[in-house]
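Start from the sequences, fold in the hints, and give me the full structure.
Those sequence lines, one after another, are chains A and B. The opening residue of the first sequence carries number 42 in this note's numbering; numbering runs sequentially from there. The opening residue of the second sequence carries number 42 in this note's numbering; numbering runs sequentially from there.
Source of the hints: derived by calculation from the structure; they are not laboratory data. There may be inaccurate statements among the hints.
The list treats identical chains as one, so a pair stands whether inside a single copy or across any two.
Simulated crosslink set (DSS-like; lysine-lysine; CA at most 25 angstroms straight-line) [stated by the list, open to error]: (1) 268 / 245; (2) 159 / 77; (3) 84 / 46; (4) 313 / 84; (5) 134 / 107; (6) 77 / 313; (7) 239 / 364; (8) 46 / 107; (9) 268 / 255; (10) 313 / 511; (11) 256 / 357; (12) 77 / 268; (13) 84 / 314.
Note that this is a predicted model, so its numbers are computed, not measured.
Number of protein chains: 2
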Amino acid sequence: MTAIKELRDHFAEIMRLNYIQALLSWDQEVNMMEYKSLEGRSKQVSLIEKLLHQRVTDERVGTLIKKAEKLELNEIEKAMLREITREYNLATKLPEELVTEIAETSILAAREWREARKKSNFSIFQELLEKTVELQKEKAEKLGTHPDLYSTLIDLYEPGATYNWIANIFDPIKPKLIDFIKKLNSSPNKPHDSLLKKSYDENKQFELSREIIKKLNFDFGYGRQDKVTHPFTTSLASFDVRITTRTTEPFPDCITSTIHEFGHAIYEMGIKKELHDTILCNGTSMGIHESQSRMWENIVGRSKEFWIYWYPTFQKYFPENLKDYPLEEFHRAINIVQPSFIRVNADEVTYGLHIILRFEIEKDLIEGKIQVDELPEIWNTKFEELLGIVPPNDAQGVLQDVHWSMGSIGYFPTYFLGNLYAAQIYNSALKAKPNLPEDYKKGEFSNLLSYLRENIHQHGAVYRANDLIKRVTGEDLNPDYFLKYIETKFKPIYRL
Amino acid sequence: MTAIKELRDHFAEIMRLNYIQALLSWDQEVNMMEYKSLEGRSKQVSLIEKLLHQRVTDERVGTLIKKAEKLELNEIEKAMLREITREYNLATKLPEELVTEIAETSILAAREWREARKKSNFSIFQELLEKTVELQKEKAEKLGTHPDLYSTLIDLYEPGATYNWIANIFDPIKPKLIDFIKKLNSSPNKPHDSLLKKSYDENKQFELSREIIKKLNFDFGYGRQDKVTHPFTTSLASFDVRITTRTTEPFPDCITSTIHEFGHAIYEMGIKKELHDTILCNGTSMGIHESQSRMWENIVGRSKEFWIYWYPTFQKYFPENLKDYPLEEFHRAINIVQPSFIRVNADEVTYGLHIILRFEIEKDLIEGKIQVDELPEIWNTKFEELLGIVPPNDAQGVLQDVHWSMGSIGYFPTYFLGNLYAAQIYNSALKAKPNLPEDYKKGEFSNLLSYLRENIHQHGAVYRANDLIKRVTGEDLNPDYFLKYIETKFKPIYRL
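Pasting the structure below:
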C-alpha cells in the first residue's frame, strides 16, 4: 500500500473517533440539560480525546507524511496530505503541558466569564482572560504558521488567511458601512418592528421551522432537528448531520436561526461520497461554512421572494398577529438595520462592524499594544466610533461573547468573511441561474442547492477557501459584491 | 500498584468504552429510526468493539489475573477478580473466526427471522437457525464453563446457574401453574377487559407514565425517558441511566412497561459510588435484574393499593373511558389471567409456562434430541399441553421472539427466575416493612426503594445471584413465595 493510502486508512479511524466525540457532545447539549452530573460523560470525552491524540501523533504518521511527500499525488490526495500534515503539526508542535494548561484554563475561564457576564463585572474575568491571552500567544509562537502571532491564530479557523489579508479587506469596508447605516437611518420612512415583539407560540414556530427546512431539501433520512438553548450543527457521520433550534428568542429568530443551521448542515450533507470517512469530509474553512449558513439565512431567507411563498402560511399559523399585516411591511420589519449592542442579534448591515471591532481589538491584544484590563474602556470607545452607541454595561459590551473564554482568538473575523463570501458566491449563482428569486416565490429551492452542491459542497475540504472562491467566481474575495448586495437590498426597504 | 488495582484501572477504561458503545446504541434506537443509512454508525460501533476486544484480551490482563489470584483480597476485590476473569475467559477462549461467524450469522438470521415472522413461514428462518444452534453449541464447547452445553449457555446470562438447578425449580411449578390457571378460569365471576380496549390518547399516557416514575423516585437529574418502538433500559454512565417507553400497545401497556423499565433503571442508579467505573457497576444477573423490573411492574404496579392512589388521576385524564368505571373493576381488568400466544403480553400467572416451554425446547435442541425443522410442531404440541391452546400460525408461535435469531439461547429462563426472585425478595421486604402496601395508597414508594437499595441495588455485581438471595432472604431461591403470591393475589380477583 502506498504511504498516502496508509495515511488515508489511519485517518479513517480518526474520523470515526471524531464522530463519536461529536455524538458525546451532541447528546450532552441536547439530552443532558437537566442533568446534575456530567462526570461520567466528561470521562468518556477525555478517553476519546486521548485515543485521538495517540492516533494523530503516532510516529507512523510522521514517517508516512515524509514518504507521501515524495509520491506523485492526484488533486484529492494532495489535499489529504495537506490536511493530515496540518493536523499532525497541530498535535505534535505543542508541548503536552501547554495543551493541558490551555484546556484547564478554558474550563476555569468559562466559569469566570459566565459569572462575570451575569454580574456584568469584568474584573471577575480579567485574570483568567490575561492568562488565556498569554497561552494563546505561546501557542501561536510554538505553531509558527505565519510570521505574526495573530495570523497564526486566524489560520486555525481560516486556513491560509492572515491578518494583513483580512485587514486589507475589512479596512475599506468600515467607513462605507458606517456611512450606509447612517444613510438608512436618516430615511423618513423606516420600517417598524412592533409586530415582531408580539407573542408567537413556540411549538408552532418549531413546526414551521421544520416545514421550511424540509422544503429547502433538508433530508430527515440523513439528519435530525432538535430543540436546544444555543443552536449548533454537528456531523455524526457522513450521512448523519444534525441541526438544533431554539424557540425562546423573539420572533422570527427561531425561523432564521434554523435556516442558518440548515445552511451549515446542507454543506456537510453534500460532500461527495469519495471523500467520506476521509479528513477532507468537512467544510473547508469557518468562513466558507459561514457563507453557506448566511446565504440561506439572509440572502434567501430574508428576501422578499422567500416570503411571498411563506408569508401566507405564517398568516395561517399566527392569524392573531399577522392576518391583517401586509407582506410588504412584514418583510421590511424583519430587515430593520439598527445599531445594537449584541453581535448575535445584529442585522446584516451592522454585523460587520461588530466583527471589525473584535478583529482590531484581538490584533492589538495579541501584539501587546493593549492590555486586558483596558478592554472594557477600549471596547466602549471603539463601539461608539463604529456604531454610534455606548453599551450600558460590560455584559452587553466586552463580556457578551463566549469565544475568548474558550481561547478562540482569531475566530471572529471568519463570521464576517462568511458574509462577504456569501454575497460573492451568490452573485455567481445568480449569473448562472438568473431565475433563482422566481424559484423562491414558488417554494422551489433546489436550483440554488444544486448550484452550491456542484460548486462548493461536494468538494469538502479539497480546496482551500481562496482557491475555492476563485474556482467558483473567477476572482479573489472581493467585498464589493457584499456592498452592492446590501445597497440593492436595503435602499428599497428604507424607501431611499 | 498491586495487580488488582492495575486491573481495576485497566477495566475503568473498558467500562468507559462500554458506556460509549451504549450511547451509540441508545442514540440509534431513539434518534435514528427514520434514517435511511446506518452505515456510519455501524462503522463507529465496530471500532469501539475492536478497541474493547483489544483491551479485554490484552496479555497484561492474563498476567495480572494470575498475580492477583495470589493476593489477599477483600470482598469487593474478590468479586472484581471473579468478573474480570470471566470477561477475560469469554474474550480469549473463543477463536476469532468463531466470534466473527457468530456475529455475521446473527445479522443474517435477524433479517431472515424478521421476514419469516412477517410471512409466518418458519422455513425461511430454518437454515440460519440450524447454523445458529450449531454455533452456540460450538461456543459452549469452547467455553466449557459447565459439563453440559446448555448450562454453559445459561451461565452467560445467569452466572452460576445450571440446567439442573433451574429444572429442579421449574419442574414442580409447572403442574401447579397449569392447575391454578384452570381453577381461575373456572370462576363464575371473571374480570372483564373491555375497557382496556378503548382508545387512550398516546401523549396523555406518556405524560402519566412520566408522572408515575417521578413519584417512584426516578431522578431526571440522572436519567431520561424517551419514546421508542421497543422499550429498553441502558446505562450510559453511573449517573446516566435512560429508560424508554412505547405508547403504541393497548392500554395500560405504556404504564406497566414504563414501570418495568423503571425497575431496571433504579437498580442501576442505586449501585454504590465505590463500585462506579468498575466491572461490578452492573446488575449481578439477568434474573436479579428482571426481579427488580417485575417487582415494580407487577407486585407494586398492578396492586390494588397502587391504584387506590393513581386511579383518580387516571379518571381525570381519561374521563370518557374511566369516569364511571369503579376502581375495583379496573384493578381486576388489568389482572386478567388468560392463556394467550404471545409471551411479552402474557399475564403474571401464565408467563411462567411460556418460559418453561422455551426452557425445555432449548435443552433438547442443544442436546440434539430435537431438530430445528421439528420446532414448529413441537412448539404447538407443547403449547397445547401447557396452556391448552394452539397457536394459529408460527408468527404467533415459534417465530414470535427475537432471541434465537440473536444466538441468545439460555436467556429465556432468566425471565421466569426474575419473577421467582421478585416474590421471594418482596416477601422479605414486607417482613421488614409491613406497611409497604399502606405506603402505596398514599403515593409513597421510598420505603420499598430504600429496602431494595440497601439490600440489592448498592451491591451491583459484588454478590452472585444465589449468594445475594441468601443474604437478603436467608434461604436459597424458593419458588413457594411466588406460588403463594399468585394465590393470595388472584383468588380474590377471581372471587374464589
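Cross-check of the supplied hints:
1. In this assembly of identical chains, residue 268 and residue 245 lie within 25 angstroms of each other by CA distance both inside one copy and across copies; the values are 13 angstroms within and 21 angstroms between.
2. Only within a single protomer do residue 159 and residue 77 lie at most 25 angstroms apart by alpha-carbon distance; the minimum there is 21 angstroms, versus 44 angstroms between protomers.
3. In this assembly of identical chains, the alpha carbons of residue 84 and residue 46 lie at most 25 angstroms apart only when taken from different copies (19 angstroms versus 33 angstroms within one copy).
4. Taking CA atoms no more than 25 angstroms apart as the test, residue 313 paired with residue 84 passes between copies only; the shortest distance there is 18 angstroms, against 34 angstroms inside one copy.
5. Taking identical chains as interchangeable, the C-alpha atoms of residue 134 and residue 107 lie at most 25 angstroms apart only when both belong to the same chain, with a minimum of 16 angstroms there against 42 angstroms between chains.
6. Taking the shortest alpha-carbon separations for residue 77 and residue 313, only the inter-copy value of 17 angstroms comes in at or below 25 angstroms, while the best intra-copy value is 41 angstroms.
7. Taking identical chains as interchangeable, the C-alpha atoms of residue 239 and residue 364 lie at most 25 angstroms apart only when both belong to the same chain, with a minimum of 13 angstroms there against 40 angstroms between chains.
8. When the C-alpha separation of residue 46 and residue 107 is checked against a cutoff of 25 angstroms, the pair qualifies only within one copy, where the shortest distance is 13 angstroms, while the shortest distance between copies is 42 angstroms.
9. Taking identical chains as interchangeable, the C-alpha atoms of residue 268 and residue 255 lie at most 25 angstroms apart whether they share a chain (16 angstroms) or sit on different chains (23 angstroms).
10. When the C-alpha separation of residue 313 and residue 511 is checked against a cutoff of 25 angstroms, the pair qualifies only within one copy, where the shortest distance is 20 angstroms, while the shortest distance between copies is 61 angstroms.
11. Taking the shortest alpha-carbon separations for residue 256 and residue 357, only the intra-copy value of 18 angstroms comes in at or below 25 angstroms, while the best inter-copy value is 41 angstroms.
12. For the identical chains of this complex, residue 77 and residue 268 are neighbours both inside a copy (20 angstroms) and across copies (22 angstroms), given an alpha-carbon limit of 25 angstroms.
13. In this assembly of identical chains, the alpha carbons of residue 84 and residue 314 lie at most 25 angstroms apart only when taken from different copies (15 angstroms versus 33 angstroms within one copy).
Of the numbered hints listed earlier, not one is contradicted by the structure.
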